[in-house]
Amino acid sequence: MMRAVSDALVITKRQLLQLTRVPEVLIFNTIQPVMFVLLFRYVFGGLGADIPGGYVQLLMPGIFVQTVTFTLAATAQGLAQDMEKGLIDRFRSLPIARSAVVMGRTLGDGLLNIVVLIVMGIAGYVVGWRPTSGAFKIFLGFLLLLFFGYALSWAGVFAGLISKDARVVANVSFLFTFPLTFLSNAFASTTSMPHALQYFAEWNPVSTMVAAVRQLYGFKNTFGATANSFPSQHPLTMSLVYMVVLMFIFIPLSVRRYNSAGNRK
Amino acid sequence: MKSIVAEGLVKTYRNGQVKALDGLNLDVEEGTVLGILGPNGAGKTTTVRILATLLQPDSGHATVGGIDVVKNPKAVREIIGLSGQYAAVDETLTGWDNLVMFGRLYHLSSKAAESRATELLEQFSLTESAKRPIKTYSGGMRRRLDLAASLIIRPKVLFLDEPTTGLDPRGRMEMWNVIEKLVKEGVTLLLTTQYLDEADQLADEIAVIDHGKVIARGTSDELKSEVGGERVEIVVAEADLIRTREVIDRVTGAKSNLDEGLRKLSAPVSNGGQSLIEVVRELDAANIHPLDIAMKRPSLDDVFMSLTGHAAEEAIAEETAIKKKRGAKK
Chain A
1 MMRAVSDALV
11 ITKRQLLQLT
21 RVPEVLIFNT
31 IQPVMFVLLF
41 RYVFGGLGAD
51 IPGGYVQLLM
61 PGIFVQTVTF
71 TLAATAQGLA
81 QDMEKGLIDR
91 FRSLPIARSA
101 VVMGRTLGDG
111 LLNIVVLIVM
121 GIAGYVVGWR
131 PTSGAFKIFL
141 GFLLLLFFGY
151 ALSWAGVFAG
161 LISKDARVVA
171 NVSFLFTFPL
181 TFLSNAFAST
191 TSMPHALQYF
201 AEWNPVSTMV
211 AAVRQLYGFK
221 NTFGATANSF
231 PSQHPLTMSL
241 VYMVVLMFIF
251 IPLSVRRYNS
261 AGNRK
Chain B
1 MKSIVAEGLV
11 KTYRNGQVKA
21 LDGLNLDVEE
31 GTVLGILGPN
41 GAGKTTTVRI
51 LATLLQPDSG
61 HATVGGIDVV
71 KNPKAVREII
81 GLSGQYAAVD
91 ETLTGWDNLV
101 MFGRLYHLSS
111 KAAESRATEL
121 LEQFSLTESA
131 KRPIKTYSGG
141 MRRRLDLAAS
151 LIIRPKVLFL
161 DEPTTGLDPR
171 GRMEMWNVIE
181 KLVKEGVTLL
191 LTTQYLDEAD
201 QLADEIAVID
211 HGKVIARGTS
221 DELKSEVGGE
231 RVEIVVAEAD
241 LIRTREVIDR
251 VTGAKSNLDE
261 GLRKLSAPVS
271 NGGQSLIEVV
281 RELDAANIHP
291 LDIAMKRPSL
301 DDVFMSLTGH
311 AAEEAIAEET
321 AIKKKRGAKK
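Chains as they are written, first to last, in this note's numbering: chain A, 1 to 265; chain B, 1 to 330.
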């Protein structure tokens, strides 16, 4: 067990080393969300004249959740690349724990998210985001975001392992996660959507996450909660349920897929 | 003692539509080198992947170092090294980073992993490029680093899957030198290749495989003699054909083949260059002036033609095309 953890940490360390060798990756990973912060803050800033503290208070949790959601695509692309290059074969020929490579990858992507969230938090502060709930709850909010990214990362592992082409899997993951982040309460109120979409938006894990994080930062989630549905009433509980379910499904699936990664041609 | 034994290995892909291995048997004596020779799609890579525990056979069984590859894959992984067709190292990291990482994954301490990395870089003449990312390496350097990564724990059994495919002649020679040194140190090696000269150079014994089965096995001399060994080929003016044939048959002691359209005579010879000199001398004495004269060594194609009745060339051409495509993608 200890060995499985130390093996995984070697893989994580490899990923961090990559970042020091190719710093462009880290730079791009942080520039993109900061750009989103600036664009949304100043393009849609006038939307929430009636929101206490202004639109930016509701926007920031939305962008935080959107950014960690994209972890899925990053993890998938990283693993698919390792498959393509034959690195997974080499790892599988080593006497290491079968979970080590996928575990190490998700940990590495999680650590990258810490950096990205810190940079975004600073950018948010600069453009006027002021959470009011106190240091502990703010910390809990970030912790929740990290776990959400981590849970999605496992879906990315599975996608990366079943794909045959790193670029294709990155594009497909993006096509799947991008609408997911917009068919939600992240940027605009769900009440203005067509009825069927409202229903989807309220059950969407992105919405429950955004609502939960807004509450943890001390703001009322005025962009959802229209139909008195369970997820909009209990966003934190529902978010935790989604994360557990995601990991419950994708951790065993991914480890099994990794083990049989050579059985197809 | 046998280091590698495979019995009746069968492997199919795509729900049985593609039969990669069709009852393959082989064994390798400890401390020797077996070359698996065959065209693309013959089952070379599949065999290596099964023996290296990356792939499960549909039926049959195999042991490496006496350990069953299906029942106890982890123990097999402790004693093998694998280096594949495509250099499986992290291209963004340096050579040093890669070797230390793999050392750690073999559960060496940080210190031991670092000193082993230094040692291997030295051994493979990569010390100067140790701190450069792999993507700046030449093809040959990349392969050497890949090989170094498979030797971290000094494996008892080493698998090399087409170690020189895609390398330029110089890269090939460098790789051959490195492999020959390893063999001298006593590692058991299973090597796959498409090139007869490579198997000839490196292997003690050669197994020729086609359609997932071993169709011939022996030393390179045995295989060559099976396809007729070396031949001398002579093209002469039409008027000289009959007299030339008499000379050749007398010198080689064999019955020569005549291709009348090309005015070409060919006959097997047993002692290489010496026979050629004798033929030339006799032709000169008879005042016959050949238009062309050459020694022809058996190629992989000849081995294949004679063993299977079909050419290996098509398969190889196809593979080259695939590799070019993959290369372009990178």
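Hint data in this document are derived by calculation from the structure and do not stem from the laboratory.
Just so you know, not all the hints are guaranteed correct.
Heads up, incomplete: computed chain B residues facing chain A, CB under 8 Å, no partners named [claimed, not checked]:
{"id": "1", "residue": "Glu7"}
{"id": "2", "residue": "Leu54"}
{"id": "3", "residue": "Val70"}
{"id": "4", "residue": "Lys74"}
{"id": "5", "residue": "Ile80"}
{"id": "6", "residue": "Leu82"}
{"id": "7", "residue": "Arg104"}
{"id": "8", "residue": "Ala112"}
{"id": "9", "residue": "Val178"}
{"id": "10", "residue": "Ser225"}
{"id": "11", "residue": "Pro268"}
{"id": "12", "residue": "Gly272"}
DSSO-like mimics (lysine-lysine), calculated; alpha carbons at most 27 Å apart, straight line [claimed, not checked]:
{"id": "13", "chain 1": "A", "residue 1": "Lys164", "chain 2": "B", "residue 2": "Lys19"}
{"id": "14", "chain 1": "B", "residue 1": "Lys131", "chain 2": "A", "residue 2": "Lys85"}
{"id": "15", "chain 1": "B", "residue 1": "Lys2", "chain 2": "A", "residue 2": "Lys85"}
{"id": "16", "chain 1": "A", "residue 1": "Lys13", "chain 2": "B", "residue 2": "Lys111"}
{"id": "17", "chain 1": "B", "residue 1": "Lys135", "chain 2": "A", "residue 2": "Lys164"}
{"id": "18", "chain 1": "B", "residue 1": "Lys2", "chain 2": "B", "residue 2": "Lys156"}
{"id": "19", "chain 1": "B", "residue 1": "Lys135", "chain 2": "A", "residue 2": "Lys13"}
{"id": "20", "chain 1": "B", "residue 1": "Lys111", "chain 2": "B", "residue 2": "Lys2"}
{"id": "21", "chain 1": "B", "residue 1": "Lys156", "chain 2": "A", "residue 2": "Lys85"}
Derived, one-sided and incomplete: chain A residues facing chain B with beta-carbon distance under 10 Å [claimed, not checked]:
{"id": "22", "residue": "Leu47"}
{"id": "23", "residue": "Leu87"}
{"id": "24", "residue": "Ile88"}
{"id": "25", "residue": "Ser93"}
The beta-carbon is built from N, C-alpha and C at its ideal position, and this holds for glycine as well.
We went through each hint and held it up to the structure:
Hint status for Glu7/B relative to chain A: violated, with the closest Cβ pair at about 20 Å, above 8 Å. Interface restraint check for Leu54/B: the shortest CB-CB distance to chain A comes to about 4 Å, inside 8 Å, so the restraint holds. Nearest Cβ of chain A to the Cβ of Val70/B: about 13 Å, over the 8 Å cut. The hint is violated. For Lys74/B, the suggested interface contact is upheld, since its CB lies about 6 Å from the closest CB of chain A, less than 8 Å.
Taken as an interface hint, Ile80/B checks out: its beta carbon lies about 7 Å from the nearest beta carbon of chain A, inside 8 Å. Contact between Leu82/B and chain A, as hinted, is supported at the beta carbon level, the nearest pair being about 4 Å apart and thus within 8 Å. For Arg104/B, the suggested interface contact is upheld, since its CB lies about 5 Å from the closest CB of chain A, less than 8 Å. At about 14 Å, the closest approach between the beta carbon of Ala112/B and any beta carbon in chain A exceeds 8 Å, and the interface hint on this residue is violated.
The beta carbon of Val178/B is not positioned within 8 Å of any beta carbon in chain A (closest approach about 18 Å), and the interface hint is therefore violated. The criterion of a C-beta within 8 Å of any C-beta in chain A is not met by Ser225/B, whose closest approach is roughly 36 Å, and the hint is violated. A least Cβ separation of about 41 Å between Pro268/B and chain A goes past the 8 Å threshold, and the interface hint is therefore violated. The interface hint given for Gly272/B is violated, since its Cβ lies 41 Å from the closest Cβ of chain A, which is over the 8 Å cut-off.
A threshold of 27 Å between alpha carbons decides the hint, and for Lys164/A with Lys19/B the separation of about 21 Å falls inside it, so the pair holds. As the CA atoms of Lys131/B and Lys85/A are separated by approximately 21 Å, the hinted pair is consistent with the 27 Å bound. Proposed proximity of Lys2/B and Lys85/A is contradicted: the alpha carbons are some 33 Å apart, above 27 Å. Proximity of Lys13/A to Lys111/B is assessed by CA-CA distance (about 16 Å); at most 27 Å being required, the pair is judged to hold.
As the CA atoms of Lys135/B and Lys164/A are separated by approximately 22 Å, the hinted pair is consistent with the 27 Å bound. A hinted pair counts as satisfied when its Cα atoms are at most 27 Å apart, and Lys2/B with Lys156/B qualifies at roughly 12 Å. As the CA atoms of Lys135/B and Lys13/A are separated by approximately 19 Å, the hinted pair is consistent with the 27 Å bound. Distance restraint check for Lys111/B and Lys2/B: the Cα-Cα separation of roughly 35 Å exceeds the 27 Å cut-off, and the hinted pair is therefore not satisfied.
Proximity of Lys156/B to Lys85/A is assessed by CA-CA distance (about 26 Å); at most 27 Å being required, the pair is judged to hold. Annotation: interface hint on Leu47/A violated; nearest CB of chain B at approximately 42 Å, more than 10 Å. The interface hint given for Leu87/A holds, since its Cβ lies 5 Å from the closest Cβ of chain B, which is under the 10 Å cut-off. A distance limit of 10 Å between C-beta atoms decides the matter here; for Ile88/A the minimum to chain B is near 8 Å, and the interface restraint holds.
The restraint placing Ser93/A at the interface with chain B holds, with a minimum CB-CB distance near 4 Å, inside the 10 Å limit.
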